[in-house]
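Asks: As you go down the protein sequences, you meet chains A and B in turn. Using the UniProt record's numbering, you'd call the opening residue of the first sequence number 1 and step up by one each time. Using the UniProt record's numbering, you'd call the opening residue of the second sequence number 1 and step up by one each time.
Incorrect hints may appear among the rest.
Claimed, not checked - The following label-pair restraints were derived from C-beta to C-beta distances:
(1) B:114 / A:393: 37 to 43 Å
(2) B:231 / A:162: 34 to 40 Å
(3) A:393 / B:231: 44 to 50 Å
(4) A:172 / B:151: 38 to 44 Å
(5) A:276 / B:149: 34 to 40 Å
Said to hold, decoys possible - Covered by chain B, according to a simulated footprint, are these stretches of chain A (three or more residues, beta-carbon under 8 Å):
(6) 48-54
(7) 166-176
(8) 400-407
(9) 412-422
As the list claims (entries may be wrong) - Some chain A residues flagged as far from chain B (calculated, every beta-carbon gap over 10 Å):
(10) 68
(11) 241
(12) 360
(13) 432
Note that these hints are calculated values from the structure, not bench results. Since the structure is predicted, the reported quantities are computational estimates derived from the model, not experimental observations. Ideal placement from N, C-alpha and C gives every residue a C-beta, glycine not left out.
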Amino acid sequence: MELDPLVLSRLQFAFVVSFHAIFPVFTIGLASYIALLHGLFFKTNNPAWDRLSLFWTKVFAVVFGMGVVSGIVMSFQFGTNWSNFSLASSNFLGPMLSYEVVTAFFLEAAFLGVLLFGRGKVPQGVHLFASIMVAIGTFISAFWILSANSWLHTPAGVELIDFRFHVTSWREAIFNPSFPYRFLHMAVASFLTGGFVVAGVSAWFLLRDRDPEANRRALSMCLWLLLFLAPTQAVIGDFHGLNTLEHQPTKVAAMEGHWETATNVPLLLFAIPDQEAQTNNFAFGIPNLASLILTHSPDGEIPGISEAPPEEQPPVIIVFWAFRVMVGIGLLMIAVAFAGLILRRKGRVYEQPLFLKTLTGMIAMPFVAVLAGWIVTESGRSPWLVYGMMTHEEGLTPSLTGPMALFTLIGYVLVYGVVFYTGVYYLTRVVRNGMLPEEERETASDNFKRPMRPMSAAHTPFDDDVDPVRS
Amino acid sequence: MEMFDLTLIWAFIIGFGIMMYVLMDGFDLGLGILYPFAPDEDARDVMMNSVAPIWDGNETWLVLSGAGLLGAFPLVYSVFLPALYIGVFLMLAGLIFRGIAFELRFKSRRNRHWWNRAFCWGSAIAAFAQGAVVGAYIQGFPVENFAYVGGAFDWLTPFSVLTGLGLMAGYALLGATWLILKSEGHIQDWAYKITPMLLALVLGVFAIISIWTPFVNPMVWERWFGNLQLIWIFPALALLSAFMVYRSVKRRDEGIPFIATIGIYLFTYLGLIVSKWPVIVPPNYTLWDAASAPESQLFLLIGMLFVIPIILAYTSWTYWVFRGKVRVGEGYH
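Put together the whole structure using the sequences plus the hints.
Replies: Here it is in structure tokens:
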């Protein structure tokens, strides 16, 4: 089989960016939560808030560290595998990505150290201020990245001269048409992710009767947040979809699995799209509902996939099913949030074991939903790299060969496998030791107290056997 | 706007960023390269501890320079990275592994020897790859229509292998002199002992590279043996710095060996810049060919002028907070 550098490069980018995205999507939500905990402690002086913020700051430290490590690769990917694209889009994307780096460093330089290591060393108000600045910083970082990404979907404010984009209006380019929707959708997704993780871990602690006072508070807060945000996300998603329908109709058609332009379009619940035959097998759906959702009228007309010639169509089966995974999990989230409300009314929300176990099981769900959502939007843009202006093929590095791309793809899978394994393994140890009184924690083999490093804010040992090098 | 050449300002910023990176990440990569040769596990603790609070700040300059290149000189970014495809991957993998080693070595006992290995190999590979980049830059790249057209291993020549090894030796020297500054007792004795050997190695390799370079690249030949005689001041100053390293080690000075080693690097770097100026993507493209649009350079410049002073202030503050000796069995509090 011929190794196609285009396919391998896309796989590599998808792998690296998916792997990386897991961390910021969590830290953005968590940073705001930590700032809120600091604020509550500042206002009420209740030590339960302090214990919670101490624990979640440890988790934040580890996840933030993994995000930074995995993110370094991203900034080189554009050049190594997509050099034509990098050169062509550098006038816009260069400053955007650089500003993200600048923001991240400013954040780390000025405030992260105070947040992670300032507890008890700086006045409480300063500590609160640092935590708020870190939370704001994560949003500013997301702002640059999502603006750059949205521009690939709905390019604006540029003109293409001799295969180079020149910026004609920074305002139009940065605030391009899909950006506000994508930013809101992603911000709420981050809060949902943070909310479900905190709720799940709190439920896990409550099942073990560990610091019930603090963890009840945490769980209660999260459930209120989720009750409000999970349905809100569905509404934002709907607006985002309408925006996509306006600018990238083919993507929406692929999400819905509709090949021909038609009215009274059903909402397909199940189908196996067949790209070659340009039709669906085993399709099953609810009549008129897709028309109703997308045009807000049951007999509204929706453009089909076949409006685009076959070579300009996205891989429908991927977009179709990834979309269903995302929406399915979204609905599950709403159901869990409402179940929480009902149990709260009955006064059993902190005890009902099945509910607490379900919440623990839900920890992974928002991550799956976020990745599925990104697969929908990125695969749905295919074959366009910059929508309507440059294809993936045109953006690829000309000198790249299949074996080179395969080598680095395997390499990144191995490197990230080690990072992920050690990171998650360590994180589970941090959580297992979390919210315990001092004397019950596993002994710290950390014989050096070294501030200034993100992960050193989490004092949990990595393993606990004797040291063979020394003994 | 006509009064400022933004491209020149950016050349200065990127040049400064790369210099800062080489000097600062240089000594902590160097400690990783020296790791397997350390006399004992106490020495390894001290070595890693002496850079633990600052290493990631040092790597800030790599990412800042990389992002700045995409924004200000995109042609450099879009030619160097494809041409050095495999090397870039190895460098990133190396930096990632040593990054995790920094985080987890001290938290680990049973697996500590694995983190030692990750730290050493990660540092060594990253240093070699960076040195090879310098070699590849001196050699030049086959470029057509603003895109690299060579093969995957064109960069890997005897010359770039030598520059790779040269940079490894240079970083190790920086690491050893840093350790003289930061350690005491038997660890410092060891650092004093290896510094002259590393210095001899560095001088040897640098001499071969210097003689070889004009043959690899005719433009460099013209620059050095043409009528620009002032250029010889850089190798002269580099040699003077090397002599100062040697003399200060003999006298057992603590700070001067490190500063003088920085001198060797600084003057070699300046010598390299004047050899190639203003060609940035050899053999054909100058800084101005490689530049992005002026409005993009300006847009980004505003942010950089704001953040660079902050990073410098933060860096100096961190170095100030963590000044002084690192002792066995004791970290920073």
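Asks: Tell me if chain B covers the segment 48-54 of chain A under the three-residue, 8 Å CB rule, please?
Replies: The restraint on the segment 48-54 of chain A is violated, since only 0 of its residues have a Cβ under 8 Å from chain B and three are required.
Asks: Would you assess whether residue 68 of chain A, listed as outside the interface, keeps its beta-carbon beyond 10 Å of every beta-carbon in chain B?
Replies: Nearest chain B Cβ is 8 Å from residue 68 of chain A, so the label is violated.
Asks: Please check whether the beta-carbon of residue 360 of chain A is more than 10 Å away from every beta-carbon in chain B.
Replies: holds (26 Å)
Asks: Please settle this one: residue 241 of chain A was flagged as non-interface, so is its CB more than 10 Å from every CB on chain B?
Replies: Holds, because the least Cβ-Cβ distance between residue 241 of chain A and chain B comes to about 32 Å, which exceeds 10 Å.
Asks: Under a C-beta cut-off of less than 8 Å, do 3 or more residues of the segment 166-176 of chain A approach chain B closely enough to confirm the stated coverage?
Replies: holds (count 3)
Asks: Examine the segment 400-407 of chain A for residues whose CB is less than 8 Å from any CB of chain B, and state whether their number is three or more.
Replies: holds (count 5)
Asks: Does the hinted range 44 to 50 Å hold for residue 393 of chain A and residue 231 of chain B at CB?
Replies: holds (46 Å)
Asks: When you take the CB atoms of residue 276 of chain A and residue 149 of chain B, is the distance between them in 34 to 40 Å?
Replies: holds (36 Å)
Asks: Holds or violated: the 34 to 40 Å window for the beta-carbon distance between residue 231 of chain B and residue 162 of chain A?
Replies: holds (37 Å)
Asks: When you take the CB atoms of residue 172 of chain A and residue 151 of chain B, is the distance between them in 38 to 44 Å?
Replies: holds (41 Å)
Asks: A range of 37 to 43 Å was offered for this pair. Does it hold for the Cβ distance of residue 114 of chain B and residue 393 of chain A?
Replies: Between residue 114 of chain B and residue 393 of chain A, where Cβ atoms are some 42 Å apart, the hint holds.
Asks: Go check the segment 412-422 of chain A versus chain B for me, would you? Three or more residues, Cβ under 8 Å, otherwise it fails.
Replies: It holds: at least three residues are needed, and the segment 412-422 of chain A offers 5 whose Cβ sits within less than 8 Å of chain B.
Taken one by one, the earlier hints fail for this structure at numbers 6, 10, listed in ascending order.
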